[in-house]
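Colleague: Next come the chains, spelled out residue by residue.
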Amino acid sequence: EAGVAQSPRYKIIEKRQSVAFWCNPISGHATLYWYQQILGQGPKLLIQFQNNGVVDDSQLPKDRFSAERLKGVDSTLKIQPAKLEDSAVYLCASSPRTDGGKLFFGSGTQLSVL
Amino acid sequence: DAKTTQPPSMDCAEGRAANLPCNHSTISGNEYVYWYRQIHSQGPQYIIHGLKNNETNEMASLIITEDRKSSTLILPHATLRDTAVYYCIALTGYSTLTFGKGTMLLVSP
Chain F
1 EAGVAQSPRY
11 KIIEKRQSVA
21 FWCNPISGHA
31 TLYWYQQILG
41 QGPKLLIQFQ
51 NNGVVDDSQL
61 PKDRFSAERL
71 KGVDSTLKIQ
81 PAKLEDSAVY
91 LCASSPRTDG
101 GKLFFGSGTQ
111 LSVL
Chain U
1 DAKTTQPPSM
11 DCAEGRAANL
21 PCNHSTISGN
31 EYVYWYRQIH
41 SQGPQYIIHG
51 LKNNETNEMA
61 SLIITEDRKS
71 STLILPHATL
81 RDTAVYYCIA
91 LTGYSTLTFG
101 KGTMLLVSP
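If you read the sequences in order, they're chains F and U.
Per our numbering, the very first residue in the first sequence carries number 1; after that it's consecutive.
Per our numbering, the very first residue in the second sequence carries number 1; after that it's consecutive.
Don't read these hints as lab results, they were simulated from the structure.
Treat the hints with care, since some could be wrong.
Claimed, not checked - Lysine-lysine pairs mimicking PhoX-like chemistry, simulated, CA-CA at most 25 Å apart: (1) LYS69/U - LYS102/F; (2) LYS78/F - LYS15/F; (3) LYS44/F - LYS11/F; (4) LYS44/F - LYS101/U; (5) LYS102/F - LYS83/F; (6) LYS101/U - LYS102/F; (7) LYS52/U - LYS102/F; (8) LYS69/U - LYS15/F; (9) LYS11/F - LYS102/F; (10) LYS71/F - LYS15/F; (11) LYS52/U - LYS3/U; (12) LYS102/F - LYS3/U; (13) LYS102/F - LYS44/F; (14) LYS83/F - LYS101/U.
Unchecked claim - Not close to chain F: a few residues of chain U, all C-beta gaps over 10 Å, as computed: (15) ARG16; (16) ASN19; (17) SER25; (18) GLY102.
From the three backbone atoms N, C-alpha and C, an ideal C-beta is built for every residue, glycine too.
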């Protein structure tokens, strides 16, 4: 089966610019996650969706980050305006269930903010 | 969820078994032990999970001690492609996957 698709693979922007990342989860997976991974650290959860509703966005910096999952399938994560400390890999994952820890991850988008 | 402790790095010779330890001394009765790995420039990949009993699949074996305070992930015949960061995570069925720093396993020829 096709895996989790993410684009773009790489993105370089200047601080204060905006950027958007796209994720297409595995077909039929109701739960979608966005993680942020800073170099040398493990991934950190930003937001979790169940279908098109938000389950957990407690660690999402809402003053600059936003995410949506229209129609409960694809999702977009946006940063506006970007800061230097937003340089990281942004990983999307999906799961067929809300419970359990078996997630399927995409390859991520590597963001560099200059 | 219980905190887990892993060594920051380990080495293994190609073809030998890689035994990756994880300490989770405060694990509760309803918390599972999950293992993921992350190969360079890729997203994390699920390996295996267990509650009390030892588990085996096509990728690895998971040995959980009887008191559940620690576990070991075993890659029976490590290859160069097994070089990755390995994460041990304890979580209940209703919590979200939280990653620590993991163990960097380097498999050498």
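Colleague: Are the Cα atoms of LYS44/F and LYS101/U separated by 25 Å or less?
Modeller: Distance ~11 Å between LYS44/F and LYS101/U Cα, so the pair holds.
Colleague: For GLY102/U, is the shortest CB-to-CB distance to chain F above 10 Å, so the non-interface label stands?
Modeller: Violated, since 6 Å does not exceed 10 Å.
Colleague: Given the hinted pair LYS102/F and LYS3/U, is their alpha-carbon gap at most 25 Å?
Modeller: holds (19 Å)
Colleague: Holds or violated: are the alpha carbons of LYS101/U and LYS102/F at most 25 Å from each other?
Modeller: holds (19 Å)
Colleague: Taking only the CA atoms, is the gap from LYS78/F to LYS15/F under or equal to 25 Å?
Modeller: holds (14 Å)
Colleague: Regarding the pair LYS69/U and LYS102/F, is the alpha-carbon distance no greater than 25 Å?
Modeller: holds (22 Å)
Colleague: Quick one, are LYS11/F and LYS102/F close enough, alpha carbons at most 25 Å?
Modeller: Not OK: LYS11/F and LYS102/F at ~28 Å, beyond 25 Å, violated.
Colleague: Are the Cα atoms of LYS52/U and LYS102/F separated by 25 Å or less?
Modeller: Given that 25 Å is the threshold and the Cα spacing comes to 17 Å, the pair holds.
Colleague: Straight-line Cα separation of LYS52/U and LYS3/U no greater than 25 Å?
Modeller: Distance of about 17 Å is within 25 Å: holds.
Colleague: Decide, holds or violated, for the assertion that all CB atoms of chain F are farther than 10 Å from the CB of ASN19/U.
Modeller: Answer for ASN19/U: holds, closest chain F Cβ roughly 21 Å.
Colleague: Compare the distance between the alpha carbons of LYS44/F and LYS11/F with 25 Å, and conclude whether the hinted pair is satisfied.
Modeller: Distance of about 20 Å is within 25 Å: holds.
Colleague: Need the status of pair LYS83/F, LYS101/U: alpha-carbon distance at most 25 Å?
Modeller: holds (24 Å)
In the structure shown, a violation is registered for the earlier hints numbered 5, 8, 9, 10, 18, in ascending order.
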